[in-house]
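S.K.: Read off the chains here:
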Amino acid sequence: MKIYSCKIEKSLGAGIDMEDITSELQANILRSGVQHGLLTANVIGSTGSLTTIEYEPGVIQDLKDAIQRIAPEGIPYKHELAWHDGNGHSHVQAALLGPSIAISVCNGKMALGRWQQIVVINHDNRARTRKIAVTIIGE
Amino acid sequence: MKIYSCKIEKSLGAGIDMEDITSELQANILRSGVQHGLLTANVIGSTGSLTTIEYEPGVIQDLKDAIQRIAPEGIPYKHELAWHDGNGHSHVQAALLGPSIAISVCNGKMALGRWQQIVVINHDNRARTRKIAVTIIGE
Amino acid sequence: MKIYSCKIEKSLGAGIDMEDITSELQANILRSGVQHGLLTANVIGSTGSLTTIEYEPGVIQDLKDAIQRIAPEGIPYKHELAWHDGNGHSHVQAALLGPSIAISVCNGKMALGRWQQIVVINHDNRARTRKIAVTIIGE
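Residue numbers (this note's numbering), protein chains in the order written: chain V, 387 to 525; chain G, 387 to 525; chain E, 387 to 525.
Please note that the accuracy of each hint is not assured.
In silico DSS-like links for lysine-lysine, alpha-carbon gap of 25 Å or less [unchecked claim]:
id	chain 1	residue 1	chain 2	residue 2
1	E	K495	G	K450
2	G	K495	E	K517
3	V	K393	E	K464
4	V	K388	G	K388
5	E	K450	G	K388
6	V	K388	E	K517
7	G	K450	G	K396
8	G	K464	V	K388
9	G	K517	G	K396
10	G	K495	G	K450
11	V	K450	G	K495
12	G	K450	V	K450
13	V	K517	E	K495
14	E	K388	G	K388
15	V	K495	G	K450
16	E	K450	G	K495
17	V	K388	V	K495
18	G	K393	V	K495
19	V	K396	E	K495
20	G	K495	E	K464
21	G	K450	E	K388
22	G	K464	V	K495
23	E	K396	V	K450
24	E	K495	V	K388
25	V	K393	E	K393
26	V	K464	E	K393
27	G	K464	V	K393
28	E	K393	G	K495
Non-contacting residues of chain E with respect to chain V, defined by C-beta distances greater than 10 Å in every case (computed) [unchecked claim]:
id	residue
29	G423
30	T426
31	E442
32	D448
33	P458
34	A468
35	L483
36	V491
37	C492
38	W501
39	A513
Since the hints were made in silico from the structure, they are not lab data. The structure displayed is predicted, hence computed values, not measured ones. Note that the Cβ used here is the ideal one computed from N, Cα and C, for glycine as well.
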């Protein structure tokens, strides 16, 4: 059994912004030499999140709209009382989406659908280079 | 340390539909021979999701109602501009719920509550056989 | 490769209540001796959840408010028809947030941001001692 760790980075605009990291994760599986096992990834930082989606401009906008409905930018947040940095919505959005995913690796590839991509989301109200910690375990 | 991989399938109706997969996951832990370790599972496809819930008809309907409130079927989605298949809400719902879970295995059993079941959810607007990739690692 | 399992407990008030478990998880990584690998954790029970957030009183209240907007306590739930225990919203909230996280371990520490803590949330409408199953795998 092998274990392989890496970090990947993605420069994202002010939130909500997101980018497809599937091919970078896949490249690391190749480097790890793991054929059968598990990939986990978690975003480092409390205003980012990870999920999967069909990476298509329309549905990306639809997801952004839905996240804004759940935790809108324009309403009062008590987080302001501590930091006055205007990103209370960013923290709440990220906590609701969740920081991590776990995807099986089969025959050297992640077990994903043809139209299913892994995305990192920046919810912060300023541009951020988001770091993602990746662990690949298997044989 | 052992590693065991499998895929399970569940035929589900047009979304939102869900089914309990706890006993099938548990049967695969038995096959794996793992007594202490970790089970991860991820749905394959961008209009499905996984979570845990008390698998009881009332609360299943309550969860469906909540998901419909978060990303309703009847509002405009930009995903329509690309594909015209009427399932923009399905993609958004699945991305918000998330594709994967990770559950500890203790004494050959998943560490779940008595009333806590693992469910696969089909959010797509047509019946789908949902595939779930499962990895079990441990001793 | 090592594997280490443990359970941690946290007494929480009636929902929505949450507490930071980062330092207890970190103490178990130290006990495990794992320097590079993976920590997973899942809440045991269908009315609890796990996520990450900046553990600061303002944003904690903001997250509680957002969860209440998504699945409010005061609306009718069909779960009542089965159990009459008034916690339909608790089950729905927990299923939406999700039961588990997976965080990489690098140099003996979880790969988290400086302001990113792991929290266990009790959504139940009564005080609960929430149990969390933890697995640490690595070298």
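S.K.: For each hint, tell me whether it holds in the structure or not.
M.R.: Cross-check of the supplied hints:
1. At roughly 38 Å between alpha-carbon atoms, K495(E) and K450(G) are farther apart than 25 Å, so this suggested pair is violated.
2. Between K495(G) and K517(E) the CA atoms are separated by roughly 16 Å; this keeps the pair inside 25 Å, and the hint holds.
3. Distance check on the hinted pair: K393(V) and K464(E) sit about 45 Å apart at the alpha-carbon level, beyond 25 Å; violated.
4. Among the hinted pairs, K388(V) with K388(G) is consistent with the structure: their alpha-carbon atoms are about 12 Å apart, no more than 25 Å.
5. With a C-alpha separation of about 40 Å, the suggested pair K450(E) and K388(G) falls outside the 25 Å cut-off, and the hint is violated.
6. A C-alpha spacing of about 30 Å is found between K388(V) and K517(E), which places the hinted pair above 25 Å, so the restraint is violated.
7. For the suggested pair K450(G) and K396(G), the alpha carbons sit about 18 Å apart, so the restraint of at most 25 Å is met.
8. This hinted pair does not check out: K464(G) and K388(V) have alpha carbons roughly 43 Å apart, beyond 25 Å.
9. Between K517(G) and K396(G), the direct Cα distance comes to roughly 7 Å. Compliance with the 25 Å bound is thereby established for this hinted pair.
10. Between K495(G) and K450(G) the alpha-carbon distance is near 28 Å, which puts this suggested pair outside the 25 Å criterion.
11. Under the criterion of a C-alpha separation no larger than 25 Å, the hint pairing K450(V) with K495(G) is inconsistent with the structure, at around 38 Å.
12. Proposed proximity of K450(G) and K450(V) is supported: the alpha carbons are some 21 Å apart, at most 25 Å.
13. Taking the CA atoms of K517(V) and K495(E), the gap is about 16 Å. The hint holds against a cut of 25 Å.
14. At roughly 12 Å between alpha-carbon atoms, K388(E) and K388(G) fall within 25 Å of each other, so this suggested pair holds.
15. At most 25 Å may separate the alpha-carbon atoms for a hinted pair to count; K495(V) and K450(G) exceed this at roughly 32 Å.
16. Only pairs whose Cα atoms come within 25 Å are accepted, and K450(E) paired with K495(G) is rejected, the gap being roughly 32 Å.
17. Between K388(V) and K495(V) the CA atoms are separated by roughly 16 Å; this keeps the pair inside 25 Å, and the hint holds.
18. About 14 Å separates the Cα atoms of K393(G) and K495(V), which keeps this hinted pair within 25 Å; it holds.
19. For the hint pairing K396(V) with K495(E), the CA-to-CA distance comes to about 22 Å; that is within 25 Å, so the pair holds.
20. Taking the CA atoms of K495(G) and K464(E), the gap is about 30 Å. The hint is violated against a cut of 25 Å.
21. As the CA atoms of K450(G) and K388(E) are separated by approximately 40 Å, the hinted pair breaks the 25 Å bound.
22. Note on K464(G) and K495(V): the hinted pairing is violated, with a Cα-Cα distance of about 30 Å set against a maximum of 25 Å.
23. Pair hint K396(E) plus K450(V) does not hold up; C-alpha atoms about 34 Å apart against a cutoff of 25 Å.
24. A distance of roughly 20 Å separates the Cα atoms of K495(E) and K388(V); the hinted pair therefore holds under the 25 Å criterion.
25. Of the supplied pair hints, the one linking K393(V) and K393(E) is violated, its CA atoms being roughly 28 Å apart against a limit of 25 Å.
26. Distance restraint check for K464(V) and K393(E): the Cα-Cα separation of roughly 33 Å exceeds the 25 Å cut-off, and the hinted pair is therefore not satisfied.
27. Under the criterion of a C-alpha separation no larger than 25 Å, the hint pairing K464(G) with K393(V) is inconsistent with the structure, at around 33 Å.
28. A C-alpha spacing of about 14 Å is found between K393(E) and K495(G), which places the hinted pair at or below 25 Å, so the restraint holds.
29. The Cβ of G423(E) does not lie farther than 10 Å from every Cβ of chain V; its closest approach is about 6 Å, which violates its non-interface assignment.
30. For T426(E), the condition that its CB be more than 10 Å from all CB atoms of chain V is violated, with the nearest at approximately 7 Å.
31. Its closest Cβ contact with chain V, about 5 Å, brings E442(E) to no more than 10 Å, contrary to its assignment away from the interface.
32. Chain V draws D448(E) into its interface by the beta-carbon criterion, the shortest separation being 5 Å against a cut-off of 10 Å.
33. Distance check for P458(E) against chain V: the nearest CB is about 13 Å away, which clears 10 Å, and the non-interface claim stands.
34. With a cut of 10 Å on Cβ distances, A468(E) stays outside the contact zone with chain V, its closest approach being about 27 Å.
35. The Cβ of L483(E) sits about 7 Å from the closest Cβ of chain V, inside the 10 Å cut-off, so the non-interface label is violated.
36. Distance check on V491(E): its Cβ comes as close as 8 Å (rounded) to a Cβ of chain V, failing to clear the 10 Å threshold; non-interface status is violated.
37. Separation of C492(E) from chain V is inadequate, the least Cβ-Cβ distance of about 6 Å not exceeding the 10 Å criterion.
38. Not every CB of chain V is more than 10 Å from the CB of W501(E) (nearest about 5 Å), against its label as outside the interface.
39. Separation of A513(E) from chain V is adequate, the least Cβ-Cβ distance of about 22 Å exceeding the 10 Å criterion.
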